[in-house]
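Protein chains: 2
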Amino acid sequence: MMKISVVFYLGPPGSFSHEAAERFGSDLKPERSISAIFKRVSMNEGYGVVPVENSIEGPVNETLDGLFRYEDIYVMASVEIPIEIFLASKCDRGRIRRVYSHPHAIAEAKDYLESMGDLEVVRTNSTSEAARLASMDEAGAALCSKKAAIEYGLSNMDRIDPATPNITRFVLIGREYRKDGSRHVMLCIIPDRPGSLHSLIGVLANRGINMNMIYSRPLRDSVWKYYFYIEFSGEVDEDLFASMKQQSVKILYKGSF
Amino acid sequence: MMKISVVFYLGPPGSFSHEAAERFGSDLKPERSISAIFKRVSMNEGYGVVPVENSIEGPVNETLDGLFRYEDIYVMASVEIPIEIFLASKCDRGRIRRVYSHPHAIAEAKDYLESMGDLEVVRTNSTSEAARLASMDEAGAALCSKKAAIEYGLSNMDRIDPATPNITRFVLIGREYRKDGSRHVMLCIIPDRPGSLHSLIGVLANRGINMNMIYSRPLRDSVWKYYFYIEFSGEVDEDLFASMKQQSVKILYKGSF
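In order, the protein sequence lines correspond to chains A and B.
Read in my numbering, the first sequence has 740 at position 195, and its numbers run on one by one without any break.
Read in my numbering, the second sequence has 721 at position 176, and its numbers run on one by one without any break.
Chain A extracted, bound-state conformation (with noise of 0.2 angstroms):
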């Protein structure tokens, strides 16, 4: 996996995102918001790791629409990380009266904060924003990483059992690309007839190219048009985009790796 200088991340410290960007560098910058992480990385500031695609909760999208909007932005890599949510409180377990956490751990918990009885549940920007506030409550807890639980000396902590894998897959971006990955990225808005996205899915259909990854997002200056998100892995070659390009308004080739 490739080493590389600073990368941006979303912070505070302590978020699965700050466990993604480990894997890619070592001088590792939290920021507040996706957006704001696109933002550095257009301005040639360094890399950014963002969450694209979660096993339970389906894609990110202010990170599909980050790469849509900044169209000098490629997919470098990705990687998937294990999410695995901890109940952690610097308090005695039975102290807890409000706990704090991100919507997507909240409701990954629901059945684990409903055998807890009447607590206040309290929304968060991200997972390790809930360990640093439940540090400083004194009937706090937070639903965080392990990672986030030791930053914060939240030392009380239970793992709570996912119903179903959850595994949130990260990728690392910039202003490069490499041509010679596996797996490539388009983002397409097709016309608006009947037809279109089969033609040009077809595309990859007819050589057996697999399609990984298809989501439709809005194009938020027209009401009810689209662009999709796709991800397919397999041989390609300039003639593959081409075709493409001949079923589309409009393509950006957003990398490969």
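A few of these clues could be false.
Put simply, identical chains are the same to the list, so a pair is met inside one copy or across any two.
[Said to hold, decoys possible] In silico DMTMM-like pairs for lysine to aspartate or glutamate, Cα to Cα no more than 25 angstroms straight-line: (1) Lys724 x Asp682; (2) Lys655 x Asp682; (3) Lys635 x Glu625; (4) Lys724 x Glu780.
Simulated from the structure, these hints should not be mistaken for laboratory data.
For chain A, the structure is supplied; the task is to place chain B on it using the hints.
Below, chain B alone, put in the same frame as chain A:
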């Protein structure tokens, strides 16, 4: 438009869901989550009104996944509600220190909030919940609907002009379905091999049928596998459904309207 008896919506009162629910019935009951609405409908206690898609933020995952999970709940009608967001408070504009709202509204009002200087932003479950909280906070404001502002006595109102058209489509859900509508909802799991999505939507393309929405959602119990939510418009018959079924591992017909 049909008028029916009990309709559950995402509360508290004054939400955009409340506005949508008024189009369908008169005995309206707030619920605390989309999942809770699905549970009520599945227990045959009434109908439900849930947001399915926003023109900026895309699909409402909890609704799509509810339709997948509750096989006996169908989409019966659809309505579009323009999302007009107001900054509303009891206190004077200059005294606002905290702004409450749903993350979508916060995202939309980002520029407006930044122009107001250093404010604490508190995320809530709904815009009407935000209005309720702001009404109890001497230095609080909410980003909410006009309806919610009035409901909670927030008489200082400023309309936030959206940068892009903002419309949410809501659907009426219930345990019956009509087969005679012009718009149709299907959920499909397709074989995990190259070309299978191409074959499925080929059934529609070959008949010149227009797809209005296609969203993929993770199958929560297996990693990186998906089901597709598909809406399309046009003439359908048993033969079309049979052909789609032939291309699918599992297919759920979710109603026409």
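Now the hints, each set against the structure:
1. For the homomeric pair Lys724 and Asp682, neither the shortest alpha-carbon distance inside one copy (50 angstroms) nor that between copies (55 angstroms) is at most 25 angstroms.
2. For the identical chains of this complex, Lys655 and Asp682 are intra-copy neighbours only, at 21 angstroms inside a copy versus 29 angstroms across copies, given an alpha-carbon limit of 25 angstroms.
3. Taking identical chains as interchangeable, the C-alpha atoms of Lys635 and Glu625 are never at most 25 angstroms apart, the minima being 30 angstroms within one chain and 47 angstroms between chains.
4. Proximity of Lys724 and Glu780 under a CA criterion of 25 angstroms is satisfied intra-copy only: 11 angstroms inside one chain copy versus 44 angstroms between copies.
Violated hints, listed in ascending order, are 1 and 3; each of the other numbered hints is respected by the structure.
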